[in-house]
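Undergrad: As you go down the protein sequences, you meet chains A and B in turn. In my numbering, each number is its position in the first sequence, counted from 1, plus 279. In my numbering, each number is its position in the second sequence, counted from 1, plus 476.
It should be emphasised that the hints constitute simulated quantities derived from the structure, not laboratory data. Treat each hint with caution, since some may be false.
[Claimed, not checked] Below, a list of computed lysine to any residue pairs in the SDA-like style, where the Cα atoms sit at most 20 Å apart:
hint, chain 1, residue 1, chain 2, residue 2
1, B, K517, A, L390
2, B, K479, A, S338
3, B, K575, B, R546
4, B, K575, A, V304
5, B, K575, A, L352
Keep in mind that this is a model prediction, so the values were computed, not measured.
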Amino acid sequence: SAVISQKPSRDICQRGTSLTIQCQVDSQVTMMFWYRQQPGQSLTLIATANQGSEATYESGFVIDKFPISRPNLTFSTLTVSNMSPEDSSIYLCSVNGQLGTEAFFGQGTRLTVV
Amino acid sequence: ELKVEQNPLFLSMQEGKNYTIYCNYSTTSDRLYWYRQDPGKSLESLFVLLSNGAVKQEGRLMASLDTKARLSTLHITAAVHDLSATYFCAVDVSFGNEKLTFGTGTRLTIIP
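Let the hints inform the model, and build the full structure from the sequences given.
TA: Put into structure tokens, the structure is as follows:
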């Protein structure tokens, strides 16, 4: 199994500012995924991050709002830009297992925008 | 657009009882995942079902997959309080890349 470390685990931010969330994996993985979980809701995929190429965003999510970096096979960042209270959510990164049969999740970043 | 629906959304049951959570999805997939989430926590993987007819069991939980009916079930046997959590199913339609579409979730409360 993959061990995923996310930083920060939680933060309270002022509206209009930006927050960068880091995701570090203990092994090399091809794909990393970023999900959002709004309060009391299910998880929604934001984007897929591949090393060496632009992230692929899902409908309703744009690069200007959620820029993603993927500088190598073990690390990715998600930035939540120009935050508003509606961005208050848990953000989770995920990777696929080496056997391609399992998806692992980080512990999540709980973001509150005030 | 892929839709993944869970039923029920909320479930309150007494200890010792049996119940089933249903997960229906709207497009072809042969990979289905079940996760548990405790309040304020991340997701814990419970089961990965990779083929039609797959059945997996762990303790009081058993999951099955019927790809023809596009239906998965999570059965709880003789529930105990520590099974209280939110349970999600998720479907992978990216041919094994683990890009998941999640169900709505079922919030399970076990009453002593």
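Undergrad: Evaluate each hint against the coordinates.
TA: Outcome of the hint check:
1. Pair hint K517 (chain B) plus L390 (chain A) holds up; C-alpha atoms about 13 Å apart against a cutoff of 20 Å.
2. Pair hint K479 (chain B) plus S338 (chain A) holds up; C-alpha atoms about 14 Å apart against a cutoff of 20 Å.
3. Only pairs whose Cα atoms come within 20 Å are accepted, and K575 (chain B) paired with R546 (chain B) is accepted, the gap being roughly 18 Å.
4. Our distance criterion of 20 Å between C-alpha atoms is met by K575 (chain B) and V304 (chain A), whose separation comes to about 17 Å.
5. Of the pairs offered as hints, the one joining K575 (chain B) and L352 (chain A) holds, with about 17 Å between alpha carbons and a cut-off of 20 Å not exceeded.
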